[in-house]
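Numbering-wise (the numbering used here), the sequence shown opens with residue 1 and increments by one.
Hints are supplied without guarantee of correctness; some may be wrong.
[What the hints assert, rightly or not] Once the Cα atoms are required to be at most 35 Å apart in a straight line, the calculated DSBU-like pairs of lysine-lysine come out as: (1) Lys51 / Lys242; (2) Lys135 / Lys242; (3) Lys51 / Lys207; (4) Lys207 / Lys143; (5) Lys51 / Lys140.
Simulated from the structure, these hints should not be mistaken for lab results. Here the structure is a predicted model, which means the values were calculated and not measured.
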Amino acid sequence: VPKIGVKVGGSFRWIRFAGVSFQPSELAKFGVVVALSVWMLRVGQRAGRVKEGIIMPLIGLGVVLGLIMLEPDYGTTFLIAAVGFAIMFVGGAQIAHLLIAGVIGCCLFVLMITQDRVRMGRMLSFIMPEDYPDKAYHLKQSKEAFISGGLSGVGLGNSIQKEAYLPEAHTDFIFAMVGEELGLFATLAVVLLFGIFMICGMIISFKASDVFGKLLAFGITLMIVIQATFNMAVVTGCVPTKGISLPFISYGGSSLVMSIAMTGVLINIASQAGSRAGRAGRAGKEKVREF
């Protein structure tokens with residue numbers, strides 16, 4: 001919320017009301033998934049056209065992304081854009097149209113980064129960490145946590161990094177704490193669990209009883225899994241440092257509440273598909289008996 005919310009770490013990402021803080025961008029993640037699913041369902045076969053399949057949904061998506069960029073929050077911007085394009089593609093938009101829009105969007109995104117001194121510093125520290133030791137501090141300490149943890153970890157609550165060295169250890173870098181306190185095996189278990197979540201979500205999407213349910217389940221699954229992948233990639237140094245939480249694990253009310261809410265919707269879609277399949281099965285048995 002640019003210039004309206006509470007400023008923390010140079011960004012206006014939180015709104016505080018009656019002593020409670022929340023991130024509007026967390027609500028926007030689910031809102032975009034629902035809105036795009038409704039739109040792609042409504043246009044149906046016309047999704048292959050430029051206007052219905054690309055221009056109109058991108059106008060709405062662009063407004064949301066623009067506001068999040070102004071906070072600024074580039075990581076969430078990229079996450080929502082990626083999931084939005086995926087929903088549009090599954091909903092019937094032409095891949096050629098999406099590629100053109102994606103290239104234009106990426107160029108604008110890179111341009112915005114080059115004009116932002118803080119984000120450009122993070123990019124340079126990722127490419128040349130030895131030349132920017134102050135900006136690469138988070139990543140260095142994160143790697144130290146993984147090294148310290150080894151295979152089995154130093155024990156739950158015995159982390160040294162979170163006490164004196166690694167900032168945001170309980171939020172954005174919680175995955176490093178899992179590695180230090182519980183070890184490599186625990187981090188692999190976390191990766192495996194998100195992989196299982198991905199598989200289950202895609203199965204629910206495939207078996208959903210209607211098109212809206214399919215798109216909604218697909219979008220929710222991608223939103224949570226891509227965010228988790230992005231977070232773990234940041235913490236392990238695979239991509240430049242960016243503040244984005246690990247779903248279900250990072251400390252933070254807004255992220256946790258929305259992750260649970262989206263998972264609840266996903267379970268509801270699965271339940272409806274199961275109920276319909278059960279009714280169809282019982283109807284089939286009745287027909288066999290009549291025959």
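Which numbered hints fail: 4, 5
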